[in-house]
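Take a look at the letters that make up each chain.
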Amino acid sequence: MKENKDDRFFVNELTKAQAKMRAYVAKLLAHSSSTDDVLQECNQLLWVKRAEWDPDTIFLKWAYRVCYFKAMAYCRDQSREKLVFNPELLEMMGQETPDEYTQSSREIAMEQCLAKLKEASRELLLERYRKNFSVEELATREGLTANALSQKLLRLRYKLHHCIQENLKPKPAQV
Amino acid sequence: MKPEEKLVWKLIDRNITPEEFEKLQESFSTSKELRKYYQQCIETHTVLSSYTKPDLDTLSFPKPEKEKRTKPPAWLGWAAAALLFAYFGLAPEKPSQVKIAASDAPDWRGTELSLGDRVPHHLLFLRDGKIKMNFPSQTTVQVAGPAHFQVIDNQTLEVMDGKIEIAHRGKPGSFTLLTPIGELRDLGTRFSVNIQNVDKQTTMLTEVKEGKVEFKNRKPAQNRILSEGERLLISGTHRGAPAEFHPWSEQEKDMPDSKNDLPEFDEPESIALQTPKFTALDVMLKGNLKAQMKYSMIDSVAQAIDQKARILVDAEKTFSGIHDISFAEAAMPEIEAMAHAIVDGCIDFSKLSLWSTCQTAELSWHEHKDNTGRVIHRTPRVENLKVPGEGNRMLVNLKQIKTWLESVHQLHQEKGMGWVSSFGCPEDGKLIYLRRENDIAVLTKTIRSIQQNLD
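Protein chains in written order, with my numbering: chain A, 1 to 175; chain B, 1 to 455.
Chain A on its own, in the form it takes in the complex (with noise of 0.2 Å):
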């Protein structure tokens, strides 16, 4: 397929929506592991059907649908997946689309934040994410139970993501 300006303008569109669009497909997932598998096929069908797309138009509000019912379609044929949402919250969580923060200024807020962590906490909390350490190994290295390491985890878990809402709150004007 020859790209022309209307497709490299698609493309900027669909690029810039990626993250967004991966929350709200995750969200209806109950964040699960066939998240990138779901936006993938909603890139796909995306892509299929650009020229329907009106670019007077919000790009996300159109992609959101578009995932909405990628959603919908997978958890139908998902009948062995235990975490499926019901239909009738699926359609609920399906209209509710993601605030407007952007990935980058979430990424800001989360730097700022991971700042004010003491720093071993913090290097606790990013290497249970870069995953190199289960949470038995870090437990031991610690001197913790699996399940004490894992509530220290969701405690920092949930004091960072408090700091970061805060810090994409718009602050008032200074005088």
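No lab work stands behind these hints: they were computed from the structure.
Heads up, the beta-carbon is just placed ideally off N, CA and C, and yes, glycines get one too.
Among the clues, some could well be false.
Said to hold, decoys possible - If you anchor each label on the Cβ, the simulated ranges turn out as follows:
(1) E230(B) / W47(A): 42 to 48 Å
(2) D36(A) / S31(B): 24 to 30 Å
(3) S31(B) / Y101(A): 19 to 25 Å
To be verified - Cross-link-like lysine-lysine pairs, in silico, DSSO-like; alpha carbons within 27 Å at most:
(4) K116(A) / K169(A)
(5) K290(B) / K116(A)
(6) K6(B) / K152(A)
(7) K290(B) / K61(A)
(8) K2(B) / K116(A)
Knowing the structure of chain A, use the given hints to seat chain B on it.
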């Protein structure tokens, strides 16, 4: 931490039992706040996961080697393209030194930029209006929409289409304009370009106002210098294809565009601020596609009714009651047909909102001034009207139809039931009377419903 919030994190970790999941589902069903919290947690989790991934962003984009390339399956091409685009889209950009120096009612699609903003290094679409960018190479570029363009670096601008005016005061050769058919290198000058693409063909109207400009593409034989006062229509299909050069003048009628349509270049402060052509309704419905579509349908219906109603309004103005016949009596069939079409038609008018049937708000402009008191930017504001205006005249016409219908009904009462029957039969007349009475009641209820629907 609330127990439900703890369950949210357990769900994100997929470390939740089916019983806990059921409990969380119930909580989600009743708490919008919890659902919002869940959404935000997923985003935090995503950012945290990507933050700790190996730093791939510093890898450079490998250039394709034509000799070694083999034809991949179609699906692989798409997947690779998507990954590459995603990679570039998410990769952090080097801070741009190019800034928006002035703007005139810019209508952006996608990324929106305001006065003083740094221009990012990705494709931008200016649908309408004008903007002016200052490059650190002492180059000022004015772009008039519709235009697709991209600031490649602090010395290079790529333009897919649009009208561009460039003034370069820096070192000769330090600014380049990339176009679909070649590049124009500024040799210390002022020049304008109007790029248009039709099918595979790109045409570029170039006018050098001062100094010199060098045109280059991959065919060295095509390189040429355009001198002051020279106007050239350059056309071609891509940067590697031979380009054709034709002189042109303002008088030529067959040119795709004339010089007069190009944005005149002035100093940045002289961009005239004009009031954009949109209404309060456009601002009210901005971003709400569903409401926009709904309103466009309502507006079409309003126009259709207004067209018919105006015929009667004009007729009533010129009507001279011959033989003591009133206008209501003379136009009775038309009035009743119109009323009946509204009451018994395919549209339930009582569901319409007040704002969609008349003008409930107007646009006002908040002016932003610089240190010298010059207006540099205007922000639209919607202010509600104390007394609604006619707007699309839907409500006005419904009221008018009701008034006419009531006049006919009054006349019917005065003249007796047999009045409207072809045979003077009171029973026939009574049926018509009752149907009209019903129409009046429905119209009254519809108007009241619209007036109370203030969403």
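Hint by hint, here is what the structure shows:
Between E230(B) and W47(A) the beta carbons are some 43 Å apart, a value that agrees with the proposed interval 42 to 48 Å. About 28 Å separates the C-beta atoms of D36(A) and S31(B), a value consistent with the hinted range of 24 to 30 Å. The hinted range of 19 to 25 Å is satisfied by S31(B) and Y101(A), whose Cβ atoms lie roughly 21 Å apart. Between the alpha carbons of K116(A) and K169(A) the distance comes to roughly 17 Å, so the proposed pair stays at or under 27 Å and holds.
This hinted pair does not check out: K290(B) and K116(A) have alpha carbons roughly 44 Å apart, beyond 27 Å. A hinted pair counts as satisfied when its Cα atoms are at most 27 Å apart, and K6(B) with K152(A) qualifies at roughly 12 Å. Restraint check for K290(B) and K61(A): the C-alpha separation of about 11 Å stays at or below 27 Å, so the hint holds. For the given pair, K2(B) sits about 23 Å from K116(A) by alpha-carbon distance, which is consistent with the 27 Å threshold.
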